[in-house]
Amino acid sequence: MSALATLGRLGGDTVLQLGRANLFLAQVLAAVPAALRRPGLILREVYAVGVLSLVIVAVSGSFVGMVLALQGYRTLVTFGAAESLGVFVALVIVRELGPVVTALLFAGRAGSAIAAEIGLMKATDQLSGMEMMAVDPIRRVVAPRFLAGVLAMPMLAAIFAVMAIGIGGGELVGVHLLGVDDGAYWSQIQTQVEFIDVWNGVVKSLVFGAVIAWIAVYQGYTAVPTSEGVSTATKSTVVLSSLSILALDFALTALMFQRL
Amino acid sequence: MKTRSLEFVVGLFFILGLGAIFILTFRVASLSGAPPGQAYAVTAVFDNIGGLKAGSAVTLAGMRIGRVRAIEMERETFQARVRLEIDRRYDNIPRDSSAMILTAGLLGEQYVGLDPGGAPETLREGDVIRMTQSALILERLVGQFVTAQTQGATTAGGSAP
Chain A
144 MSALATLGRL
154 GGDTVLQLGR
164 ANLFLAQVLA
174 AVPAALRRPG
184 LILREVYAVG
194 VLSLVIVAVS
204 GSFVGMVLAL
214 QGYRTLVTFG
224 AAESLGVFVA
234 LVIVRELGPV
244 VTALLFAGRA
254 GSAIAAEIGL
264 MKATDQLSGM
274 EMMAVDPIRR
284 VVAPRFLAGV
294 LAMPMLAAIF
304 AVMAIGIGGG
314 ELVGVHLLGV
324 DDGAYWSQIQ
334 TQVEFIDVWN
344 GVVKSLVFGA
354 VIAWIAVYQG
364 YTAVPTSEGV
374 STATKSTVVL
384 SSLSILALDF
394 ALTALMFQRL
Chain B
5 MKTRSLEFVV
15 GLFFILGLGA
25 IFILTFRVAS
35 LSGAPPGQAY
45 AVTAVFDNIG
55 GLKAGSAVTL
65 AGMRIGRVRA
75 IEMERETFQA
85 RVRLEIDRRY
95 DNIPRDSSAM
105 ILTAGLLGEQ
115 YVGLDPGGAP
125 ETLREGDVIR
135 MTQSALILER
145 LVGQFVTAQT
155 QGATTAGGSA
165 P
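Sequence order for the protein chains is A and B. Under our numbering, the first residue of the first sequence is numbered 144, with each subsequent residue one higher. Under our numbering, the first residue of the second sequence is numbered 5, with each subsequent residue one higher.
Honestly, the hints are just simulated from the structure, not real lab data. For glycine and all other residues, C-beta sits at the position ideal for the given N, C-alpha and C. Honestly, I wouldn't trust all of these hints.
[To be verified] For each label pair, taking beta carbons as the anchor points, the in silico distance ranges come out as:
1. 223/A to 49/B: 30 to 40 Å
2. 138/B to 386/A: 47 to 57 Å
3. 149/B to 218/A: 25 to 35 Å
4. 16/B to 339/A: 25 to 35 Å
5. 26/B to 147/A: 31 to 41 Å
6. 223/A to 16/B: 35 to 45 Å
7. 330/A to 148/B: 29 to 39 Å
8. 279/A to 15/B: 45 to 55 Å
9. 386/A to 83/B: 19 to 29 Å
10. 195/A to 143/B: 30 to 40 Å
[Said to hold, decoys possible] Heads up, incomplete: computed chain A residues facing chain B, CB under 10 Å, no partners named:
11. 183
12. 193
13. 226
14. 237
15. 239
16. 268
17. 294
18. 300
19. 303
20. 304
21. 306
22. 308
23. 332
Produce the complete structure using the sequences and hints provided.
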C-alpha cells in the first residue's frame, strides 16, 4: 500500500514540477521586455555563456567533422562514391549533429554554470536581498541569462557546423588525408544541401537554446538553498537538458523531415 | 574601458555566428534555387524517367540551371511529362534543344541534361521539349547486351568467350 502511495506521490510531484516550471517560464517571458531595456546585462551573460563556450564548440566541431569524414569515407569508397563524402558530412552536421552536439556541450558548459550561479545567489540570500531593495530578481538575474542562452545557441551551432564541414571534415581529413577532390567535395555539397536544411538546423538550435536556458534558470531559481541543493540543481540541469534535447530532436526531426 | 572591451568581444561573437550562418546558407546550401518569380517552366516528355524525382537538377553543359518541379503521366501516350523550372538568367536556350536523363556517377542521382540545338528561337514559358532520351535502365541494358552477345556467338560459330 505504501509503495502505491509513493508511486502516486511521485506522479503528483512530477506534474507539480512541470506546472511550476511552466508558470516560471511565463514569469520569465513576461520579464523579457523589461530585461531588453538593459542590454548591458544581457551582453555580460552572452559573454559568459556564448563567447566562453566558443573554444570548446569550435574544437569539438572540427573533431566531429574529422571522425564523420573518416567513417563516411570508408563506407562510401566501397561503392565508388567517395565524392559524396561532402554531402554525407554536410547533411549529418547541418540537420542533426550540429544542433544536438552543440546543445549537449552547451548544457554542460553553460547550462550548469547558470544553474549553479543562480542557485548560489539564492543560497547566499542575494536574491532575497534584491527583493528587499524592490529589485525583481527575475528581471535582473533570470531574464538576461535566459535571453543570452536563446541568443547564443544558434550562433554556436552555426560555428560548430562550419568548423565540422569546412575545417575538420573538409580540409583536414577529406582533402588532405583521404585525397577527395576539393572541388567535388564542395560542389556535391552545394547541389545536394538545400536552404531548408540549414534553416531547420537554425530552428532546432534556437529551440534547444531556449529549453536549456529555461531548465537552467528554473533549476537554479528553485534550488534548495544549501550547498547540496546547488549541486543537485546543477546535476539536474545537465541531466534534464540532455534528455530533453535528445527527445525534442526526435520530435523536431519527425516534424521537419516527414515529407522528404 | 572594461565594458567597452566586453561589448567588442560579444559583438565579435555575433559577427562570427552570423557569418557562420551566412556561410552555411550560401557556401553550403548555395541558395541558387531561383525564387518562384525568377524561373520559367518548360515541359519535357520522356518514355521512361528512371529514378528522376521532383527536385532533381536540370543542367546544361554540366552547369545547374534549374530543377525538376513536377512529374506527371500523359494520359493518352503513357509517357511521363516532366515540368522543368529553368532560371530566368538562362533565357537564350534554343527551342530545338534536346533533353536526356543522365546519371551522376555510376550509382548517383539522376538528373536532366539539356543539349542546346541550333534554332534561332529560344525556349519560352510553356514550351514542350519532344526530342528526349530516356533514362538508361540497367536491366534493359543487360538484356540488350546478352541478346547481342548470343547473336554474335552464333554468327561467329561459337568462338571462345
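Here is how each hint holds up against the structure:
no., hint, verdict
1, 223/A to 49/B: 30 to 40 Å, "32 Å, holds"
2, 138/B to 386/A: 47 to 57 Å, "51 Å, holds"
3, 149/B to 218/A: 25 to 35 Å, "30 Å, holds"
4, 16/B to 339/A: 25 to 35 Å, "29 Å, holds"
5, 26/B to 147/A: 31 to 41 Å, "58 Å, violated"
6, 223/A to 16/B: 35 to 45 Å, "44 Å, holds"
7, 330/A to 148/B: 29 to 39 Å, "33 Å, holds"
8, 279/A to 15/B: 45 to 55 Å, "28 Å, violated"
9, 386/A to 83/B: 19 to 29 Å, "53 Å, violated"
10, 195/A to 143/B: 30 to 40 Å, "59 Å, violated"
11, 183, "7 Å, holds"
12, 193, "5 Å, holds"
13, 226, "7 Å, holds"
14, 237, "7 Å, holds"
15, 239, "14 Å, violated"
16, 268, "27 Å, violated"
17, 294, "8 Å, holds"
18, 300, "9 Å, holds"
19, 303, "8 Å, holds"
20, 304, "6 Å, holds"
21, 306, "8 Å, holds"
22, 308, "6 Å, holds"
23, 332, "6 Å, holds"
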